[in-house]
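Enquirer: What follows is the residue order along each chain.
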Amino acid sequence: MATEKKMGVDRRDFLKVLGISGAAATLAGCGNTSIESGAEKVQAYVQPEDFVVPGNSVFYASTCTQCPSHCGVMGRVREGRVLKLEGNPNSTISKGKICGLGQASVQIQYNPDRLTTPMVRNGDSLVPATWDQAMTVIKQGLGKDSVISGEEIVFLTGTTSGHQKVLINNFLNNFNSNNHIAYDALSNHVGETVRENVYGYSNPVQKIKDAKLIISFGNDFLGSGLSPVYMATQYAHFRKAPRGTLVQIEPRMTLTGGNADRWYPIRPGTEGIFALGLANALVQHPEYDKAIPDEVKQALQAYDKRTVGEITGINPDAITHLVGMMWERTPTLILSGATAEGQKQGYQNAYAIELLNVILGNVGKTITAPTENPFPQMNPTNATYQALVNLNEQLSAKKVKACLIMGVNPIYTEPTFVGIAKNLKQVPLKVAMVTQLDETAELCDVVLPLLSPVEDFGTYVAEYQPEGVEIGIQQPLMEKLHPHTKSFGDVLLTLLKERDPKNYSHYPDYYSYIREAVIKSKPVFKSSMTDDDFWDSTLMNGVLHIPVKESEIKEVKINIADLPKAEKAPADVNYPFYFVPSIKADLRDGRHANLPWLQESPDPMTTVVWDSWVEINPKTAEEMQIREGDVLEVQSSMGSVTAQAYLFPGIQPNTVSIPFGQGHTSYGRYATNRGVNPFKLINPITDEKTGELALFATKVQIKKTGDNKKIVKDEGPTTLQQGRKLVVTMAADKAELSKEV
Amino acid sequence: MIIRKILFVFSLLALIVASFSINAEPFKAGGALGTQTIDGYNALGPQVEQPIEFPHYIHAKIMKINCMYCHTYARRSAVSGIPRLDKCIGCHKMIPEVRDRPRIKKLFWYWDNHLSIPWKKVHDLPDFVRFNHERHIQRFYFQDKRPVREVCGYCHGDVANMTTARRVKAISMGWCIDCHKKDHQISAVNLKTTNGPHDCWMCHK
Numbered sequence: 256m257a258t259e260k261k262m263g264v265d266r267r268d269f270l271k272v273l274g275i276s277g278a279a280a281t282l283a284g285c286g287n288t289s290i291e292s293g294a295e296k297v298q299a300y301v302q303p304e305d306f307v308v309p310g311n312s313v314f315y316a317s318t319c320t321q322c323p324s325h326c327g328v329m330g331r332v333r334e335g336r337v338l339k340l341e342g343n344p345n346s347t348i349s350k351g352k353i354c355g356l357g358q359a360s361v362q363i364q365y366n367p368d369r370l371t372t373p374m375v376r377n378g379d380s381l382v383p384a385t386w387d388q389a390m391t392v393i394k395q396g397l398g399k400d401s402v403i404s405g406e407e408i409v410f411l412t413g414t415t416s417g418h419q420k421v422l423i424n425n426f427l428n429n430f431n432s433n434n435h436i437a438y439d440a441l442s443n444h445v446g447e448t449v450r451e452n453v454y455g456y457s458n459p460v461q462k463i464k465d466a467k468l469i470i471s472f473g474n475d476f477l478g479s480g481l482s483p484v485y486m487a488t489q490y491a492h493f494r495k496a497p498r499g500t501l502v503q504i505e506p507r508m509t510l511t512g513g514n515a516d517r518w519y520p521i522r523p524g525t526e527g528i529f530a531l532g533l534a535n536a537l538v539q540h541p542e543y544d545k546a547i548p549d550e551v552k553q554a555l556q557a558y559d560k561r562t563v564g565e566i567t568g569i570n571p572d573a574i575t576h577l578v579g580m581m582w583e584r585t586p587t588l589i590l591s592g593a594t595a596e597g598q599k600q601g602y603q604n605a606y607a608i609e610l611l612n613v614i615l616g617n618v619g620k621t622i623t624a625p626t627e628n629p630f631p632q633m634n635p636t637n638a639t640y641q642a643l644v645n646l647n648e649q650l651s652a653k654k655v656k657a658c659l660i661m662g663v664n665p666i667y668t669e670p671t672f673v674g675i676a677k678n679l680k681q682v683p684l685k686v687a688m689v690t691q692l693d694e695t696a697e698l699c700d701v702v703l704p705l706l707s708p709v710e711d712f713g714t715y716v717a718e719y720q721p722e723g724v725e726i727g728i729q730q731p732l733m734e735k736l737h738p739h740t741k742s743f744g745d746v747l748l749t750l751l752k753e754r755d756p757k758n759y760s761h762y763p764d765y766y767s768y769i770r771e772a773v774i775k776s777k778p779v780f781k782s783s784m785t786d787d788d789f790w791d792s793t794l795m796n797g798v799l800h801i802p803v804k805e806s807e808i809k810e811v812k813i814n815i816a817d818l819p820k821a822e823k824a825p826a827d828v829n830y831p832f833y834f835v836p837s838i839k840a841d842l843r844d845g846r847h848a849n850l851p852w853l854q855e856s857p858d859p860m861t862t863v864v865w866d867s868w869v870e871i872n873p874k875t876a877e878e879m880q881i882r883e884g885d886v887l888e889v890q891s892s893m894g895s896v897t898a899q900a901y902l903f904p905g906i907q908p909n910t911v912s913i914p915f916g917q918g919h920t921s922y923g924r925y926a927t928n929r930g931v932n933p934f935k936l937i938n939p940i941t942d943e944k945t946g947e948l949a950l951f952a953t954k955v956q957i958k959k960t961g962d963n964k965k966i967v968k969d970e971g972p973t974t975l976q977q978g979r980k981l982v983v984t985m986a987a988d989k990a991e992l993s994k995e996v
Numbered sequence: 440m441i442i443r444k445i446l447f448v449f450s451l452l453a454l455i456v457a458s459f460s461i462n463a464e465p466f467k468a469g470g471a472l473g474t475q476t477i478d479g480y481n482a483l484g485p486q487v488e489q490p491i492e493f494p495h496y497i498h499a500k501i502m503k504i505n506c507m508y509c510h511t512y513a514r515r516s517a518v519s520g521i522p523r524l525d526k527c528i529g530c531h532k533m534i535p536e537v538r539d540r541p542r543i544k545k546l547f548w549y550w551d552n553h554l555s556i557p558w559k560k561v562h563d564l565p566d567f568v569r570f571n572h573e574r575h576i577q578r579f580y581f582q583d584k585r586p587v588r589e590v591c592g593y594c595h596g597d598v599a600n601m602t603t604a605r606r607v608k609a610i611s612m613g614w615c616i617d618c619h620k621k622d623h624q625i626s627a628v629n630l631k632t633t634n635g636p637h638d639c640w641m642c643h644k
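Here the protein sequences come in this chain order: A and B. When we follow the numbering used here, the leftmost residue of the first sequence carries the number 256, and every step to the right adds one. When we follow the numbering used here, the leftmost residue of the second sequence carries the number 440, and every step to the right adds one.
Derived by calculation from the structure, the hints in this document are not laboratory data. Every residue, glycine too, gets a C-beta built ideally from N, C-alpha and C. Each hint should be verified, as a subset may be incorrect.
Calculated lysine to aspartate or glutamate pairs in the DMTMM-like style (CA-CA distance at most 20 angstroms, straight line) [unchecked claim]:
{"hint": "1", "chain 1": "B", "residue 1": "526", "chain 2": "A", "residue 2": "305"}
{"hint": "2", "chain 1": "B", "residue 1": "559", "chain 2": "A", "residue 2": "334"}
{"hint": "3", "chain 1": "A", "residue 1": "959", "chain 2": "A", "residue 2": "883"}
So, partial list: chain B residues that the calculated Cβ filter (under 10 angstroms) puts toward chain A [what the hints assert, rightly or not]:
{"hint": "4", "residue": "523"}
{"hint": "5", "residue": "558"}
{"hint": "6", "residue": "563"}
Okay, chain A solo, but in the shape it has when bound (with noise of 0.2 angstroms):
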């Protein structure tokens, strides 16, 4: 009793207590007791450049690596660190500009997680390791007295051009190998065959500029499209006077369609019989008659306004106004997206987007041909997810005996249904090369810890080239900042000039690799500098640019047995919603979640950040009985998950949707446990012609938990005005002017 009595603290004492620290704690922070005297140091360079004046800023160009549309960057460094990187004004992508996602990149040079020393496997757990000791395991697997050939050895990566993906296909050719899988979750393969199928080019010139009129299926050419820097400067001026309009059908707005003068809520999966019931009533108008061939004319009398309304759950009478838009503003732009493709039928309806284009002339006008690269060896990757099947059917039939990883994390993007995790722990030696370590990494034998991209070299080709063709070159913005990280080209170099010195070991390092192939290109820049002053301008400039050269789209081919059949999808008793994910324009398909300034900047249609949501649209709350915050299951064949409820009027009543992104079971403390993961969810339902994953087109279930959670959101309460009078209205007839003024 008695120590109860002393160990008691009252409310007096506790305050008094307070009252003293906290006292000290303010005086700590404030006065000139903050100005330290010894307690950092301040140190000079022992011989820089002249330049270089401690406190002002020198820019160098690079190349951003966030995603595949390669814009050319600038960074600021002072004293030695890069603190904030520009778009890159000689770059024909970016044109001087960037995004938020590009910005971010410094993040990953700083990422209080990041990987700093190679990791080896140990039982069960990967522990610290010098390179030594790393490489030591690796070249008992791939060494040079390796036997390991063809299918044996794989090399999974994202999307990779340049001299990254020339090294691998040249390790790889050691091991009379051409493994090189190319894998992404959100692959835009089925809009590319179809492309490819149509045109002739994968990526043909989309000229937006050029354009008055935009119908876009889904496709966020804003946000998360394939060249989003390049698009919004392009998109400024197609608003600029005469106005263009762009109208945009989706299931669930995003960016662009948030952006769009006209956005139609489509139903899941029709996107291909609404563009066809387009094209129906675009061919009975004389001037596009003679467009099409007539047996394609004939098979379009199927989708009359009353039955594509039906399926499409749009109002048929949007199928008049839309082709009366058509006809009156030309040339227009028919732009298909993942919403669209990203289903059973994908590449129908693609393909019967792409037919508008063709009825409506825009072959040659908006759509032209790319400039031919003059070094094909050097395009990017074709990644898709029919990659990710063919690996794990290698995997499983156990032939596989050494796998290295970079840039891409299957375990977090796999649906459930395909199950690589489990094959990929039988393969004997995995490597994986990375920032910091994921889940994929979490699984392989030795991890290696790769400098970050402002610290690397590298050449980079963007999958869309609008202007002739850019290379975009990359140079470290900083001394490493981690003694232990080595660059990707340098590691696979180290291997290569074991089994092939002949070839490799003249040169010392990944930069006199590059180096020297970018002087040997130095003919067809038509350049008159010396090699090293070549070499330098190239550095100075940030890209090498092959300009524009004038091709015309030949062929342009249209096969009637791939248009989408106008049939109305079976309803599910069970599975009553579609699910449409989307994909943020900052975490893409998760690889982002690591960088905190992407975690905390609001999404743009919902303000939300830090966490995933479930949106919902409030009508179908309403049924429901749903509010802001419940948090609900949704669950669909494959598994399911609980995330709160947004309601969200942007969605079609039908539908809910969980962005990509989150719920990360390792990838350092900013994404880890945070938000759901919906890949988990994807039912195994792929494109019938491409085999790609239809990301779109599961169905699912929602049940409410009970629960209620506040979300963490920028937006203020729903209701208009902030749920104050900011503005009071009054009709005019209640009004009395005298009492008023």
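Given chain A's structure and the hints, the job is docking chain B onto it.
Expert: Frame of chain A; chain B shown alone:
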């Protein structure tokens, strides 16, 4: 009951004031003349031990080297910067008679190992203050043509009489404002006077 509460609040306030006076450095008239701070802080900072006991008095007083010969960035940048190491070596290579002195030996040790000298920062402002050397030097040295030792000395004291530098001015906000309030002649030829800026955003960006 109310009286008890009031007493309680007063005692709490008294505690805060008391702890304030305990935690604040007591004022010591240790600094050079005119460094008394208006907000009651000690102008004299602690003696900081440096990796090399750099003798400012030899360079600035005996050799009469202009401050800006070594602190060359002061007139070009927000920070004055520590002189680059090759600047020290550039002169000292030409002065063989002092090469055997322990401090110079240390200097050459850093140079031979291509290492930067880990100097300690003596005048360290909090991160929310953006002091700009360039503006002050341009205004008072180049525009007003005042002697350089005086201009640098406004904030750094008479470094020419020190070995390693030591803070002798308060460098608190009140102290800065005190000087910004004074009438300063516009230039050597223009005898009109102005004050320094008082806008918060000048220093707190």
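Enquirer: So, for every hint listed, does it hold in this structure?
Expert: Verification of the supplied hints:
Restraint check for residue 526 of chain B and residue 305 of chain A: satisfied, since their Cα atoms lie roughly 12 angstroms apart, inside the 20 angstroms limit. Of the pairs offered as hints, the one joining residue 559 of chain B and residue 334 of chain A holds, with about 17 angstroms between alpha carbons and a cut-off of 20 angstroms not exceeded. Between residue 959 of chain A and residue 883 of chain A the CA atoms are separated by roughly 12 angstroms; this keeps the pair inside 20 angstroms, and the hint holds. The interface hint given for residue 523 of chain B is met, as the beta carbon of that residue sits about 5 angstroms from the closest beta carbon of chain A, less than 10 angstroms.
For residue 558 of chain B, the interface hint holds, since its Cβ comes within 10 angstroms of a Cβ in chain A; the closest pair sits about 5 angstroms apart. Because the beta carbon of residue 563 of chain B sits about 5 angstroms from the nearest beta carbon in chain A, less than 10 angstroms, this interface hint is met.
The structure agrees with every numbered hint stated previously.
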